[in-house]
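Chains as they are written, first to last, in the numbering used here: chain A, 1 to 408; chain B, 1001 to 1408.
Rather than coming from a laboratory, the hints here were simulated on the basis of the structure.
Warning: the hint list may mix true and false statements.
Stated by the list, open to error - Here are the simulated lysine-lysine pairs, BS3-like style, with alpha carbons at most 25 Å apart:
#1 A:359 / B:1065
#2 A:333 / A:395
#3 A:65 / B:1302
2 protein chains.
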Amino acid sequence: MQTLWAERFAQRTQRMKSSAVRELLKLTELPDIISFAGGLPAPEVFPTARFAEAYQAVMDKVGAKALQYSTTEGYSPLRDLIAQHSTRYGIRIEPDNVLITNGSQQALDLIGKVFLNPGDHILVERPTYLGALQAWNAYQAEYITADTDGDGYVVESVKTQMRSGPKFIYALPNFQNPSGVTMSLERRHALIDVADHYGVPILEDDPYGQLRYEDEHLPSLVTLDSQFRSTDGAQYSGNVIYLSTFSKTLAPGIRLGWIIAPVEVIQRLVQAKQGADLHSGTLNQMLAYEVASGGFLDQHVKHIRAVYRERRDTMLAALDAHFPEGVTWTRPKGGLFLWLTFPPHMDATEVLKAAVAEKVAFVPGTSFHADGGGRNTARLNFSNATPEHIDEGVKRLARCLKQLLATP
Amino acid sequence: MQTLWAERFAQRTQRMKSSAVRELLKLTELPDIISFAGGLPAPEVFPTARFAEAYQAVMDKVGAKALQYSTTEGYSPLRDLIAQHSTRYGIRIEPDNVLITNGSQQALDLIGKVFLNPGDHILVERPTYLGALQAWNAYQAEYITADTDGDGYVVESVKTQMRSGPKFIYALPNFQNPSGVTMSLERRHALIDVADHYGVPILEDDPYGQLRYEDEHLPSLVTLDSQFRSTDGAQYSGNVIYLSTFSKTLAPGIRLGWIIAPVEVIQRLVQAKQGADLHSGTLNQMLAYEVASGGFLDQHVKHIRAVYRERRDTMLAALDAHFPEGVTWTRPKGGLFLWLTFPPHMDATEVLKAAVAEKVAFVPGTSFHADGGGRNTARLNFSNATPEHIDEGVKRLARCLKQLLATP
Chain A
1 MQTLWAERFA
11 QRTQRMKSSA
21 VRELLKLTEL
31 PDIISFAGGL
41 PAPEVFPTAR
51 FAEAYQAVMD
61 KVGAKALQYS
71 TTEGYSPLRD
81 LIAQHSTRYG
91 IRIEPDNVLI
101 TNGSQQALDL
111 IGKVFLNPGD
121 HILVERPTYL
131 GALQAWNAYQ
141 AEYITADTDG
151 DGYVVESVKT
161 QMRSGPKFIY
171 ALPNFQNPSG
181 VTMSLERRHA
191 LIDVADHYGV
201 PILEDDPYGQ
211 LRYEDEHLPS
221 LVTLDSQFRS
231 TDGAQYSGNV
241 IYLSTFSKTL
251 APGIRLGWII
261 APVEVIQRLV
271 QAKQGADLHS
281 GTLNQMLAYE
291 VASGGFLDQH
301 VKHIRAVYRE
311 RRDTMLAALD
321 AHFPEGVTWT
331 RPKGGLFLWL
341 TFPPHMDATE
351 VLKAAVAEKV
361 AFVPGTSFHA
371 DGGGRNTARL
381 NFSNATPEHI
391 DEGVKRLARC
401 LKQLLATP
Chain B
1001 MQTLWAERFA
1011 QRTQRMKSSA
1021 VRELLKLTEL
1031 PDIISFAGGL
1041 PAPEVFPTAR
1051 FAEAYQAVMD
1061 KVGAKALQYS
1071 TTEGYSPLRD
1081 LIAQHSTRYG
1091 IRIEPDNVLI
1101 TNGSQQALDL
1111 IGKVFLNPGD
1121 HILVERPTYL
1131 GALQAWNAYQ
1141 AEYITADTDG
1151 DGYVVESVKT
1161 QMRSGPKFIY
1171 ALPNFQNPSG
1181 VTMSLERRHA
1191 LIDVADHYGV
1201 PILEDDPYGQ
1211 LRYEDEHLPS
1221 LVTLDSQFRS
1231 TDGAQYSGNV
1241 IYLSTFSKTL
1251 APGIRLGWII
1261 APVEVIQRLV
1271 QAKQGADLHS
1281 GTLNQMLAYE
1291 VASGGFLDQH
1301 VKHIRAVYRE
1311 RRDTMLAALD
1321 AHFPEGVTWT
1331 RPKGGLFLWL
1341 TFPPHMDATE
1351 VLKAAVAEKV
1361 AFVPGTSFHA
1371 DGGGRNTARL
1381 NFSNATPEHI
1391 DEGVKRLARC
1401 LKQLLATP
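Isolated chain A (complex conformation):
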């Protein structure tokens, strides 16, 4: 018997599918399984000692204020710190351009809340970040997809899709989740150009930008947009909203991300956040500030890079050594993920079933395709397993694949 509440959501014309990643994460809790499925940072790199000192410092400095309500915009010193960190990449960001969110997932949700009407189109990469689709499905968004290759968005494909009149372009230029691909500098310039030409703004999602393991940092879209407008020395007020997070550089359990946007946009997002949850945790923001300040953040990121670089290298070496012909993969320059492409006739969900029997897990690629494609693709995470487990897990997966390829 349905309750009246259950009848009420049956009346709601929405699409909220249970997440494949979510269901799979349950599998990864089984003992003995080596999971490349999640997107978890390695808990070994969390700066727990620094957090303990920060807790003490916060309590000594502000005491009960750390447990009180605080402003929707976020803790001022933390907004300052983020603005300063952003400024060093050659763009003038003031604290008023920064809104603190509960992880960048809430940033995606607030963007949906402020900008989307039911049926609005969003241009996304093929493949794209699953969590963004989950956030915007709640606002009954529709998606149009553009092709990507080893350099990110294929600009000709983006142009073609402009005819559908997207509300905005969603882009993950650095070490994309799920593909691991980085958008080249040329493509970044071209995307800014196209967006300006068609009058469509860009949402840049950059959770992994600091986690680069080779080559030089590339300027973000928000920086390029600022240069494009050549508003020398003026506060940022362009056509790119930029999202990032402390989840991959400090810790995800404190749920702190941020939005950088023109002031008038921030003001609207603040109103939306006020209705959504009043503000982000006061204690968590003060802790993050104490942990990150005094140069610790940069120093700690270097440590994380070293740990994850080794894991990425281990995974790539194991794939090179053990994987059968016909399977290909990306070679990410940073981030947490790489992307497998199986032969066209293979279904990644079938591979997963076999893999779980062999005690190894990953995420099939369809979840990351807004257009339902990607049946023969898969995402592997390399941040959350030790090098030994990565090597062993890849061997297990290679065995599965060889067996499946040998079966007619």
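With chain A fixed as given, assemble chain B onto it according to the hints.
Chain B only, in chain A's frame:
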């Protein structure tokens, strides 16, 4: 010059007004002002020492796990604790009936996300909680209001409004924000009856239920609904969703509230929360569990009651002693607020202007009226000022009122 992003929100057909409370909170930051405007708990009652012990305990027990991603539903021991606390009021709640949210403001937002289509009607009290209206305005809800008196919802008025087909009935039965009114037991029974008769579910918001300063605890609507269905010993699966929070009993800065609902409803809300922010802070949930467990919560609530009872009594005594004839007020049995009614010709916003000049602040009542009424009403908070300040603040306000009443 508008950015493309600003043009985009201009296209969005939404109503998000800047909050009057929000703007007023800025005034309360002025030096020397005695503010009855906010809804802040007294920081003096925050158990900071217990939090410090809890931080140590969490780190000793789970270490880095406290900083990692965690499940959307919430930290299991905390869901257990909430289920057990709820069960003692004579209703069977299992942990599966509990979803942890970022304060109960997020609970209101998730309810909107899962249940509301643009233009849906919600039945609210006149006056009602401003934050609920802010949460649901984002989903383009419409409101219908029913009359209230000193015993809460006037049931005949609720019946009349059922013709407008509300999606649900929103009720704050205990020491309502803003009015301080408590719904009588008879009215609670009658509301359950009417809701069942018309097939409209109830959303019960109960942030202050534990903060009663006189008389006995009254059963919540969710408990009465369970008895009404007389599903003896069965897990709760009725027509009331119940919301509460740790913001008033532990501390608001950790942003932890919860939803109690039938399991199938919780599952839908979990999907919505996953898209909204993945999960609530891991560390905060573990801290709250450590702080609240072992009987501390009940013991601490007794302390808060004693502190706030004195403040309420001080405010009522000062109103009795100093306020001019023609102004009336409620005598709340708990909570944080009482409600003023000025003579019909007075505008509370004009009173506020005069009051701020006298260095005292409150919130005009119109913000709490979904139908735009309440021009001559106001909310006073008594939890966030010391008894001395309360007495002085009421004297200042009385001076203003006498002056305004003397002016023809």
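Status of each hint after checking the structure:
1. A:359 / B:1065: holds, 23 Å
2. A:333 / A:395: Judged against 25 Å, a Cα distance of about 23 Å means the pair holds.
3. A:65 / B:1302: Cα-Cα ~22 Å, so holds.
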